[in-house]
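Colleague: Just so you know, the protein sequences line up as chains A and B, in that order.
The opening position of the first sequence corresponds to residue 1 in this note's numbering, with each subsequent residue numbered one higher.
The opening position of the second sequence corresponds to residue 279 in this note's numbering, with each subsequent residue numbered one higher.
Don't read these hints as lab results, they were simulated from the structure.
Quick caveat: nothing in here was measured; it's all calculated off a predicted structure.
Beta-carbon label-pair distances, calculated as ranges:
(1) Lys439/B - Gly159/A: 52 to 60 Å
(2) Leu88/A - Asp306/B: 56 to 64 Å
(3) Pro325/B - Gly159/A: 45 to 53 Å
(4) Phe109/A - Leu576/B: 15 to 23 Å
(5) Leu88/A - Gly574/B: 47 to 55 Å
(6) Thr523/B - Ala62/A: 29 to 37 Å
(7) Ala265/A - Ser606/B: 51 to 59 Å
(8) Glu130/A - Gly540/B: 18 to 26 Å
(9) Thr523/B - Pro117/A: 15 to 23 Å
(10) Leu88/A - Pro663/B: 56 to 64 Å
(11) Gln642/B - Glu130/A: 24 to 32 Å
(12) Pro119/A - Phe372/B: 50 to 58 Å
To give an idea of the chain A side of the interface with chain B (calculated C-beta under 8 Å), a few residues:
(13) Phe115
(14) Ser121
(15) Gly122
(16) Thr123
(17) Glu130
(18) Arg135
(19) Ala205
(20) Asp208
(21) Val245
Cβ coordinates follow ideal geometry from the N, Cα and C atoms, glycine included.
These are the residues of each chain, in order.
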Amino acid sequence: MVTLVLDVVTTAAILFIVSAGLLIVFGVMKIINFAHAAFITVGAYAALVASRLGLPSVLAPALAFVIGGLIGAAAERVVVQWLYSRPLDAILATWGLSIVIGQLVTLAFGRGVQFVPAPISGTESILGEEYSMYRLLMVAAATVIAILFTCVLNGTRLGLSTRAVIMNETLAQSLGIDSSRVRLVTFGLGCGLAAIAGALITPLASVDPNMGLAWLISAFMLVMISGGSLLTLGLSSLVLGGLQVVVSTFVSPILGGLTIAVVAAVALRLRPEGFARA
Amino acid sequence: MALTRSLLKILAATACSTILITPLMAADPIKIGVPVGLSGANSVVAPSVVQSAQLAVDEINAKGGVLGRQLSLEVADDASGAAGAQKAFDSLVFQKKVDVLISMETSAARNAGLPIVARGKVPYIYTSFYEGKSCSPFMYVNAWVPEQQVPPIVDYFTKEKGAKKFFLIGSDYAFGRGMLAFTKAYIAKTGGKVVGEEYLPMDGSDWTPIISKLKSAAPDALITSTAGGAPNVTLTKQLRAAGVTLPYGNLAVDEGTAKSMGSDAKDIYLSASYVTGIDSAANKTFLAAMKKKFGGDLKTPNDLSVPEYEAIYAYKAAVEKAGSTNSSKVLKVLGEVSVEGPRGKIQMSKQHHAPLTMYLGQVQADGSVKVIKSFPNTDPGAQCPNLKS
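Go ahead and model the full structure; you've got the sequences and the hints to work with.
Modeller: In structure tokens, the structure reads:
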């Protein structure tokens, strides 16, 4: 029972970390960044580079954030900024972008599976159950990310402009807010956050050019269902991630893999706008 | 004037090419077709397969070839799948008109290629371990099947580790399920008990619920059969992160993957017909020759690339015994000739399959594989009862 609860909480934390970047982009720009998976991959390779350079592993997510953010900002200027009024084309374009990034990663590092040593290993005893320390650390990481981004959105000038653009872009522009700059920064932040996720999951995953893809569908569904708020994203990660663990444990892991997609599809049928109040 | 000049050019070109071609005509090379997954899932291992084919061909050519003819390689990319294999086999058999096909491939690619092999009536030596029971009068196999790979691990766990309760984890696809179905039957036959059997889809990356089940089932040993590469790495990492330390047999890990996983791979048991640590003169000569030929570009020889090397020698022996490259004559004797290679003496004498020496290895802290025990002359069992010999 303790194990089940820990499985649920840690799975939710990992899902939250992986989806947060996608949510930021979707919340502000109302477009789906299908290159999200590619930025997760970029972050993982940044962690690989960091470990090869012998940097302390605390710096790996920071390096990932910088690299992912810069590539994301560049992509926004070159590709995405022309597509805000064409969300369907934006999906295609970002999907194409993810193929390009995936191939560049393959060219640079090869197709094979790479290895990044875990910063901490071993287990921690919780209520008599030995549990993976790194997964527990993910809960802390998810909390930090949630708090940081809530602070940025609610406590800074950038956050204020961002929220203004989310609520009413035309009005925000007429008040002198440079909405194209807000979008550039937000897209960069979203991609940087995806890269942090990639760096954080490397000790639990293999590092290969397609590694991000496994997470894309879950992240996409969670963001759709949460409808653009960080709080509802946390909740839906907990509920859907929990369902996934329960189905995997008591029915079959194969059906467990379908749980998030199926439940999300049903939920969106009943409530197309998602569960955020905004 | 222009016409005369171009006529002259054509004449000159023809003359040149005739001069160039004539000496080659005398000893037309024997063409070996190698359809292999240079792109797609097999692209990580395919370069090592091509390298060992090149070494075999170079060695044989340096010693005068086969029946006085040189060997030449025709490598074609099958994209690791059925559609690519159809194109690759078709172009090798009907356009390049190869004399023989020798290669490792995915099962999907092999199955797609076999009808083309039958239509072209070319001998085909399949050099990849696989799930077994693929039969064609044109195909010989010199790599292992489940009947040869699984028993060493199960027997060792049962006898040396006293394991009675086994837990099985696999990727949800034909090879993963096929291997574990055989493992389960074999465990039951030898008196053990399977206390859990779980699968995750091939693109799944979170093994947490399965690992929790594994821990609560409290087995004595774990045997896994995932897809190679990413699923294998994620499972092993998450097992280690969860503090799982029971005897762990992995049916899908190879030396290269073990090395790249570093300390997480430590203590994994694997069963293979080839590991680089085989202590024999033939293996040492082979490894030295590979290192000399490819230097820094060398891809570590493995259980998929060494059978390719040996299969080319088996074809050479068969052609020499048959006295020609005639397809039906070669096919008749392929099961009768034996080759002394890095894996030992190999003869594809059992219903187009080969009895093999299997090695039980354990991954060491530095990622190398230490041979713990060898199982000589492991029988492939009845793979193709309808094929004679």
